[in-house]
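A.B. asks: As they're listed, the protein sequences go chains D and A.
Be aware that the first sequence starts at 9, since it is given in my numbering, and climbs by one per residue.
Be aware that the second sequence starts at 9, since it is given in my numbering, and climbs by one per residue.
These aren't lab readings, by the way, just hints derived from the structure by calculation.
Keep in mind that this is a model prediction, so the values were computed, not measured.
Some hints could be false.
Copies of one chain are not kept apart here, so a pair can be met inside one copy or by any two copies together.
Stated by the list, open to error - Under the rule of at most 30 Å between Cα atoms (straight-line distance), these lysine-lysine pairs were calculated in the BS3-like manner: (1) K106 <-> K18; (2) K106 <-> K51; (3) K106 <-> K61; (4) K61 <-> K51; (5) K18 <-> K61.
2 protein chains.
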Amino acid sequence: MGMDPDAVAKAFVDHYYSTFDANRSGLANLYQDNSMLTFEGQKIQGSQNIVAKLTSLPFQQCQHSVSTVDCQPSGPSGGVLVFVSGNLQLAGEQHALKFSQMFHLMPTPQGSFYVLNDIFRLNYA
Amino acid sequence: MGMDPDAVAKAFVDHYYSTFDANRSGLANLYQDNSMLTFEGQKIQGSQNIVAKLTSLPFQQCQHSVSTVDCQPSGPSGGVLVFVSGNLQLAGEQHALKFSQMFHLMPTPQGSFYVLNDIFRLNYA
Numbered sequence: 009m010g011m012d013p014d015a016v017a018k019a020f021v022d023h024y025y026s027t028f029d030a031n032r033s034g035l036a037n038l039y040q041d042n043s044m045l046t047f048e049g050q051k052i053q054g055s056q057n058i059v060a061k062l063t064s065l066p067f068q069q070c071q072h073s074v075s076t077v078d079c080q081p082s083g084p085s086g087g088v089l090v091f092v093s094g095n096l097q098l099a100g101e102q103h104a105l106k107f108s109q110m111f112h113l114m115p116t117p118q119g120s121f122y123v124l125n126d127i128f129r130l131n132y133a
Numbered sequence: 009m010g011m012d013p014d015a016v017a018k019a020f021v022d023h024y025y026s027t028f029d030a031n032r033s034g035l036a037n038l039y040q041d042n043s044m045l046t047f048e049g050q051k052i053q054g055s056q057n058i059v060a061k062l063t064s065l066p067f068q069q070c071q072h073s074v075s076t077v078d079c080q081p082s083g084p085s086g087g088v089l090v091f092v093s094g095n096l097q098l099a100g101e102q103h104a105l106k107f108s109q110m111f112h113l114m115p116t117p118q119g120s121f122y123v124l125n126d127i128f129r130l131n132y133a
């Protein structure tokens, strides 16, 4: 049974940002050893290193507000590309930051998905 | 021989935006029949339909200025993910628009790459 890419993307985005905002270390099981993150140009590989980066960002509380979610199937491997734009409000800051982020989700043998590729950029609006 | 994803991404981005700004119909040979474009939420498939969309955008002259290019290999298929942010200046408009765009480039049997996935969003800064 194929899964609807739009449904996969929506469920992933809801789960990812609510987990990020509540408990960043809970993102670990969304990544695997071959996962890649490029965060503001810095390249990081592997679930452990990626979560270490995300949990060490210089802010404690934050709130993502998603503006747009676009998705496409990435090819015969069953992957899904997810492209997100939104606002990131940091605790104690007056103005939200705009961000764009893309994920390449790959199916697992268990019928779930993990993040193979993750690229994040602030737009400094 | 593997190709360096950063070199592929840089060469592609230079070629794509210079072609877009000079002669949009010249983009046709970068797409194939299975190529997908999501343009501000509108889904379009196939080289012919994609170029028809791009050439019918409601502006004649534009100039892309690329701010950031990030890339990652997309998996064992030899694909390259390219994530771009930048400014789009339309002729006659005072302010440039910010944009984000992602491409999934796939290798061709001829040793080149084509665009399998393309997602474009304006950030309305």
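A.B. asks: Compare the structure with the hints numbered earlier in the document and write down the numbers of the violated ones, lowest to highest.
C.D. replies: Every hint satisfied by this model.
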